[in-house]
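Visitor: Residues per chain are reported as follows:
Protein chains: 2
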Amino acid sequence: MKAVVLLSGGLDSTTTLALAKREGFDLFALTFDYGQRHRIELDKAQYIAKHFGASDHQIVKIDLRQFGGSALTDSIDVPTHRDEQEMASEIPVTYVPARNTIFLSFCLAYAEVKGANDIFIGVNAVDYSGYPDCRPEFIRAFETLANLATKAGVEGKSRLKIHTPLIQLTKAEIIQKGLELGVDFGMTHSCYNPIEGGISCGVCDSCQLRLKGFQQAGVDDPIKYKIP
Amino acid sequence: MKAVVLLSGGLDSTTTLALAKREGFDLFALTFDYGQRHRIELDKAQYIAKHFGASDHQIVKIDLRQFGGSALTDSIDVPTHRDEQEMASEIPVTYVPARNTIFLSFCLAYAEVKGANDIFIGVNAVDYSGYPDCRPEFIRAFETLANLATKAGVEGKSRLKIHTPLIQLTKAEIIQKGLELGVDFGMTHSCYNPIEGGISCGVCDSCQLRLKGFQQAGVDDPIKYKIP
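Residue numbers (the working numbering), protein chains in the order written: chain A, 4 to 231; chain B, 4 to 231.
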């Protein structure tokens with residue numbers, strides 16, 4: 004039973020990989036090198052895929068900077084020191100246009116070639132409520148599409164499922180779930196704007212969500228921060 | 004009124020571009036360099052985008068060979084000398100897994116960044132009946148997805164439309180439409196397996212469909228073939 008798992012090297016996707024493993028899936032990890040500012044994510048993803056015994060790990064290079072439109076891939080400044088209300092007030096500048104649509108499309112190609120009927124993606128609709136492509140209705144629409152898009156779909160045999168085990172969990176709940184599964188979060192990376200040596204900034208939205216999650220889960224975050 | 008138009012440099016996508024231009028759209032052409040065997044397609048696409056006065060033309064490099072699974076991108080032989088029945092009997096080995104899903108996902112990103120509400124794709128459900136991602140139900144599912152996937156989708160303002168003006172036309176009808184619009188088909192390229200100098204082989208499925216189309220349209224194909 005094969006599953007394609009989208010793996011960024013962050014806390015959410017690593018917990019998702021651990022969940023897929025516990026469910027007994029043969030793991031095919033897929034990571035994107037999309038011109039993100041920090042290559043540390045890719046190194047972490049490689050380490051994590053190996054750690055969980057993935058049968059295969061593909062790193063797909065795509066240039067999401069080409070069209071522009073996001074602070075994660077452009078020269079727009081990543082916002083820092085924002086409170087929850089500010090983060091929730093609008094779609095963040097770190098949103099990358101159509102990113103999850105593109106990511107899931109490649110997952111679909113990989114799944115079709117490998118004969119996998121299951122795709123795992125660690126999207127979250129609680130902390131990332133501003134991202135259109137983290138919503139359950141988006142995922143359901145992609146699943147419908149996926150079952151029409153493949154050879155099996157033509158033959159009426161397609162039963163591709165998109166698993167989003169974290170979609171309704173808070174960051175603290177994701178951390179607790181990961182810890183139950185024995186995930187060492189020291190392997191993971193979340194910062195949008197790491198300083199030299201891969202140290203997390205501690206002040207970008209992603210660091211703040213992570214730090215708050217660990218605080219609420221009542222455990223220490225094992226990674227290093229510039230500003231604790 | 005901006006439109007993203009998927010442009011391969013072939014007969015269908017060039018006719019689609021001409022149609023979008025006649026409808027008054029400001030053209031944003033998108034071409035994929037996906038490890039196809041023949042770079043001549045890319046040169047043709049650049050020439051065609053310029054010829055039609057596109058406001059922008061992006062060539063996106065993605066590696067669809069990475070996962071394998073197709074004669075167009077792998078070392079599997081492209082079939083030749085097949086009759087219509089053979090072509091129609093199964094999903095062809097030239098099918099690239101999830102290709103149109105991936106292509107449309109990038110179109111969506113480009114459209115969102117440029118503020119375009121219209122995407123044109125020259126898919127055809129008559130001659131390419133074996134391709135799952137050329138079917139009208141696939142296109143409709145992608146349109147539904149697209150309207151959930153973007154910032155405008157969250158705000159309930161999305162009205163993204165996927166135009167498939169050729170989907171129910173025969174090759175001969177596409178050629179006739181192109182000629183009405185003044186398309187010079189000498190600019191276009193269709194062969195899966197061109198020989199040196201970009202001369203079309205005349206015997207692959209794509210060449211055979213093209214040649215039959217010109218024959219049925221009662222006009223001469225202006226491009227050169229090795230086997231006429």
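If you are wondering where the hints come from, they were derived from the structure by calculation, not from laboratory data.
Take these hints with a grain of salt, some might be off.
It does not matter which identical chain is meant; a pair holds if it fits inside one copy or across any two.
[Stated by the list, open to error] Computed cross-link-like contacts, SDA-like style, restricted to lysine to any residue with a CA-CA straight-line distance of at most 20 Å:
(1) K117 - A128
(2) K227 - Y50
(3) K117 - G71
(4) K154 - I170
(5) K164 - T147
(6) K180 - V129
(7) K53 - K227
(8) K180 - Q218
(9) K117 - R68
(10) K227 - L172
(11) K227 - G118
(12) K117 - Q69
(13) K154 - P139
(14) K160 - R138
Visitor: Now look at each hint and say whether the structure bears it out.
Guide: Tested hints:
Taking the closest pair of Cα atoms, K117 and A128 never come within 20 Å of each other, the shortest separation being 29 Å inside a single copy and 26 Å across copies. With identical chains, the CA atoms of K227 and Y50 are at most 20 Å apart within one copy only, with a shortest distance of 18 Å there and 52 Å across copies. Taking CA atoms no more than 20 Å apart as the test, K117 paired with G71 passes between copies only; the shortest distance there is 9 Å, against 32 Å inside one copy. Taking CA atoms no more than 20 Å apart as the test, K154 paired with I170 passes between copies only; the shortest distance there is 19 Å, against 29 Å inside one copy.
When the C-alpha separation of K164 and T147 is checked against a cutoff of 20 Å, the pair qualifies both within a copy, at 9 Å, and between copies, at 18 Å. For a Cα distance limit of 20 Å, the shortest separation of K180 from V129 inside one copy, 16 Å, qualifies, whereas the shortest one across copies, 50 Å, does not. With identical chains, the CA atoms of K53 and K227 are never at most 20 Å apart, being 22 Å at best within one copy and 51 Å at best between copies. In this assembly of identical chains, K180 and Q218 lie within 20 Å of each other by CA distance solely inside one copy; the values are 15 Å within and 64 Å between copies.
Within a single copy, K117 and R68 get their C-alpha atoms only as close as 29 Å, which misses the 20 Å cut-off; across copies the closest is 13 Å, which meets it. For the homomeric pair K227 and L172, neither the shortest alpha-carbon distance inside one copy (24 Å) nor that between copies (60 Å) is at most 20 Å. Taking CA atoms no more than 20 Å apart as the test, K227 paired with G118 passes in neither setting, with 40 Å inside one copy and 40 Å between copies. Within a single copy, K117 and Q69 get their C-alpha atoms only as close as 29 Å, which misses the 20 Å cut-off; across copies the closest is 12 Å, which meets it.
In this assembly of identical chains, the alpha carbons of K154 and P139 lie at most 20 Å apart only when taken from different copies (15 Å versus 25 Å within one copy). In this assembly of identical chains, the alpha carbons of K160 and R138 lie at most 20 Å apart only when taken from different copies (16 Å versus 27 Å within one copy).
The structure fails hints 1, 7, 10, 11 (numbered hints given earlier, in ascending order).
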